[in-house]
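Given chain A, work out where chain B should sit, using these hints.
Taken in order, these protein sequences are the chains called A and B.
When we follow this note's numbering, the leftmost residue of the first sequence carries the number 1, and every step to the right adds one.
When we follow this note's numbering, the leftmost residue of the second sequence carries the number 1001, and every step to the right adds one.
Where hints are given, some of them may not hold.
[Said to hold, decoys possible] Taking beta-carbon pairs under 8 Å as the criterion, some of the chain B residues facing chain A (in silico):
1. PHE1011
2. GLU1062
3. ARG1063
4. VAL1064
5. GLY1092
6. PRO1115
Bear in mind the hints are in silico, worked out from the structure with no lab data behind them.
The C-beta atom is built at its ideal place from N, Cα and C for all residues, glycine as well.
Here is what each chain is made of, one letter per residue.
Protein chains: 2
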Amino acid sequence: MTPRAVGVASFRLDERLAADTLPVARLPLCETRLMDDARFAWMILVPRRAGLVELFDLRATERVQLFEELERAADALCAVAPCDKLNIGALGNSVRQLHVHVIARTVGDVAWPGPVWGHGTRQPYPPAAAQARCTALQARLHAARER
Amino acid sequence: MTPRAVGVASFRLDERLAADTLPVARLPLCETRLMDDARFAWMILVPRRAGLVELFDLRATERVQLFEELERAADALCAVAPCDKLNIGALGNSVRQLHVHVIARTVGDVAWPGPVWGHGTRQPYPPAAAQARCTALQARLHAARER
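Here chain A stands alone, though its shape is the one from the complex:
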């Protein structure tokens, strides 16, 4: 088994990330998840390789792939929610497993112009709204895949 195969085989989504998010779609490199916070149109992308912490832990081909998947996620978010400015970030101060945030910000949203991270308290979606948003995002991500 190659080191790469080991990495993929042993990948497991961090429990805190799992608890705060809802599954949207599996892209070639990343799990895409909706942040369960109705205040913002906010996804995270988590590369499915064990042991990654920093963006620079990704290999060259994975970096290109991540960029492409971030763009797909951003396009999907901006198709289902208003967006004046994208915020893209890899922080990992609280959860070290590499994950990248993609947020569609709007002028005047509750954290504007500050960052969303650490702003107030997460407000989970009503269940039907969460499902509707995930379904809409899935449709957009799949449409992008088939372009």
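Just chain B now, with coordinates in the frame of chain A:
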């Protein structure tokens, strides 16, 4: 003149970015600047192409180059300052000109584990300290270039 040549020719660093930062080095794609805030080891990279707002405005080759330059900046920061976790972010809520933040965070820094953006008030370096940090970063960035 090609559109690309026009973009490079008319690039001008946003005045607010210029006011908050100090010049470090010119890399092939980006201007690298030190955030003039002694609380954090914090650089910004600004691609020298006019009119860029989102990361996804970059062409494929520029995306690869940006990733490489971000890694060089991160390596340089972590060589001259302690670093427990990198924070990488492209926000642009206040200044729309595309710029990417690279911050070497330490457990227990004044904003930890929250983001640096919007945290308290920027504390400019004493002039000699700013110059020393810029010089140290330049040396590291140039060393990386010659590898």
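Hints, verified against the model:
Taken as an interface hint, PHE1011/B does not check out: its beta carbon lies about 20 Å from the nearest beta carbon of chain A, beyond 8 Å. Because the closest C-beta pair between GLU1062/B and chain A is about 10 Å apart, greater than 8 Å, the hint is violated. Restraint check, ARG1063/B versus chain A: the minimum CB separation of about 5 Å is within 8 Å; hint holds. Checking VAL1064/B against chain A by beta carbon gives a least distance of about 7 Å; that is within 8 Å, so the hint holds.
A cut of 8 Å between beta carbons decides the hint on GLY1092/B: the least distance to chain A is about 6 Å, and the hint holds. Interface hint status for PRO1115/B: upheld, as the beta-carbon distance to the closest one in chain A is roughly 5 Å, under 8 Å.
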